[in-house]
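**Q** First to last, the protein sequences are chains Y and F.
Here the working numbering is used: position 219 in the first sequence is 219, and no number is missing along the way.
Here the working numbering is used: position 250 in the second sequence is 1250, and no number is missing along the way.
Some hints could be false.
[As the list claims (entries may be wrong)] Straight line, CA to CA, 25 Å or less: simulated SDA-like cross-link-like pairs of lysine to any residue:
1) F:Lys1117 x F:Ala1306
2) F:Lys1349 x F:Ser1339
3) F:Lys1308 x Y:Gly130
4) F:Lys1187 x Y:Ala256
5) F:Lys1313 x F:Lys1336
6) F:Lys1259 x Y:Gly112
7) F:Lys1385 x Y:Ala256
8) F:Lys1187 x Y:Leu222
9) F:Lys1313 x Y:Phe111
10) F:Lys1024 x F:Ser1128
11) F:Lys1187 x Y:Leu260
12) F:Lys1187 x Y:Ala263
13) F:Lys1200 x Y:Leu80
14) F:Lys1385 x F:Lys1363
15) F:Lys1259 x Y:Gly124
16) F:Lys1259 x Y:Gly130
17) F:Lys1180 x Y:Thr250
18) F:Lys1259 x Y:Gly132
19) F:Lys1206 x F:Ala1193
20) F:Lys1313 x Y:Gly112
21) F:Lys1259 x Y:Ala263
Quick caveat, the hints were computed from the structure, so don't treat them as lab data.
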Amino acid sequence: MLQDILVTGLVNGGVYALLAVGFSLVFGVARIVNIAHTAFYMLAAYCFYALLTRLGLGFALAAPVSVVAVTLLALLCYRLVIEPVRSHEAAVLIATIALALVFQELMLLSFGGHYLGVPSTLEGGLRVLGVGIPYQRMLILAVAAATLAASWFLLYRTRLGLAIRATANDLEVANLMGMNVHRVAMATIAVSAALAAVAGVVVAPVFVVDPFMWLAPLVTMLAIVVLGGLGSLKGSVIGALVIGYVEAITVFALPAGAYLKGAVALAIMVAVLLARPEGLFGVAFEEER
Amino acid sequence: MTRLYLAAAAALGVTFGAQAQTIKIAILGPMAFVQGEHHWYGAEMARDEINKAGGIDVGGKRVRIELVRADTNEIQSVPDATNAVERVITRDKVDFLIGGFRSEAVLAMQEVAMDYKKIFLGVGAAHSKLGANVEQNYERYKYWFRVAPTKDVDLARTLFAVLGSIGQQIRADLKTDTPKVAILAEKAVWTEAIVAAAQKNLPGMKMEVVGTWQPSATATDVTAELSAIDRSGAQIVFTALSGPVGISVGRQMGERGMKAVAWGINVEGQKEEFWQAAAGKAQFVSTLDTYAEVEMTPKTVGFVRAYKERYKKPPTYTAATYDAIYLLKSAIEQQKTTSADKLVPALEKMEHVGSGAILTFDKRHDPVWGVGTTAGIAVQWQDGKKVPFWPPQVKGMQPFKMPAR
């Protein structure tokens, strides 16, 4: 049973990390709590499905086209919906919830409430520690690791990354130093949405594509970023693995309560908020001010 | 001015005249989803056939059927469902209600329908309480009748009957006396009775229950659950799933190469789109179902073929709105009225040969259960096709297959 928990938690944690890092990045830099983040993940999954099964594009073409299309859409949404209300946190929250619901209803209108399946990019599987893992899940793990490494490279080895980190550290000082903070925010939004889109594309062949698929990961993702610390990339990865393992343990230890795994993640979020509001690696709220 | 009054009076006369010429039936269902889609298709077929033949004979007067499509959105929201019922009764002035899918929503819709004393023929929800209400408070709930499926307890009886025959096959093939069964049921009100009955009855059927797993109905990932089930050594995964989790179970069992065979209720598995949604991985997943081209009743094969011809897909069990409309027609023609209070006793005594079942009602207004009448059929996905395999005595059944070991 231990090996099942180890492997299952790692694979699920990888998916969550892809989503949580993008969300955390945009919060850390732009201070935007983007509830529509997982809606971009859902849109990418639909886009990938449509390009692959309806237009007949291959995986190699459908995947990048989906990621680019969703990233551009996210930038458009930022300019039209988020930027005008950016200084009001509550308004941003409401605007992004509205955005997510609009996308949900649009998908419902376009594809109906049908549950759609995307063929696997890779067929077959292997056994690790006696636990069967399909290659598609291994691919998710590999993509998650590669994407997270690329994000780290971007943030710590490029000028754009330096600008992003500087803005994240102190938005006002970065602005006073002559940085175009709006452009940095745009770049961050693009990176964040691209991460969500990558998650949608690699996860679509494993899960079911439907208009409500953005809701469950949203809750889990919020729990992860609160646990890891809002704005901390390292915290998001560790938080994702912790939640992945907690969910696996819940299912194995409490089979009849498997439906509670989401609730357990939320309970952790509440507990962390009470005991350590800044999370494991986040910046204390007081310090930010 | 006089002309204006005359024109208005004439227009009103035309309106009332037109109203009298139709019987309005609301088809209630989640129309953006497959369940609602088939609610509507089944009803449309019945309406078109009946209207083409001249309509319903109400005491010598031919009256046409008019359907009102009511999207209940009940999968997402119970209040949306009750609002839809309220709207069709008060604004659209419908005479009868047919449909419903999700038990939690139908229980609430039933209350609204009973408030207005409207006959509500349920097609979709299985929870026992819907019928128990009739028994406990007949005067209020007598307008409710369940056409399909059978109530949850009876669904369980069918499931155990089929499980018994699958168990026999496993005993013979795997040379084991006590097949191991994992119960995998989504957490929902309709699965409660089935899970309780399975936990209680399976040991008596010489089967070992290795565990009960209850994921959320909307779960899209059940790898942890399946991993645990695989580890338990289960040979049968006994399912009670109505949501998208049914697709995840089918697909992920295939991806993991599990040797256990899935049997039970998997509503998504009843749909033609299931194989594609599960990316062709749901080999040998089996489920209780209602329709196939087998001679369940004298009308089944003809109905399924006509349905496929018209909609390019086979019906799911919510297409029993077709039977509900014909049932209503029989009752109205027998009683020569559309009065709900007069139709109730007629429906109670009726034996109706439908497209998917031969219906008679018990004192709870639930279908009387019987293999070959209302118990339905069992189907298994084999190489992309839904193959019927139970009850064996029905003409057209094929063998049940097991994964290679």
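**Q** Of the hints stated earlier, which fail here?
**A** Structure breaks hints 1, 3, 5, 6, 7, 10, 13, 14 and 21.
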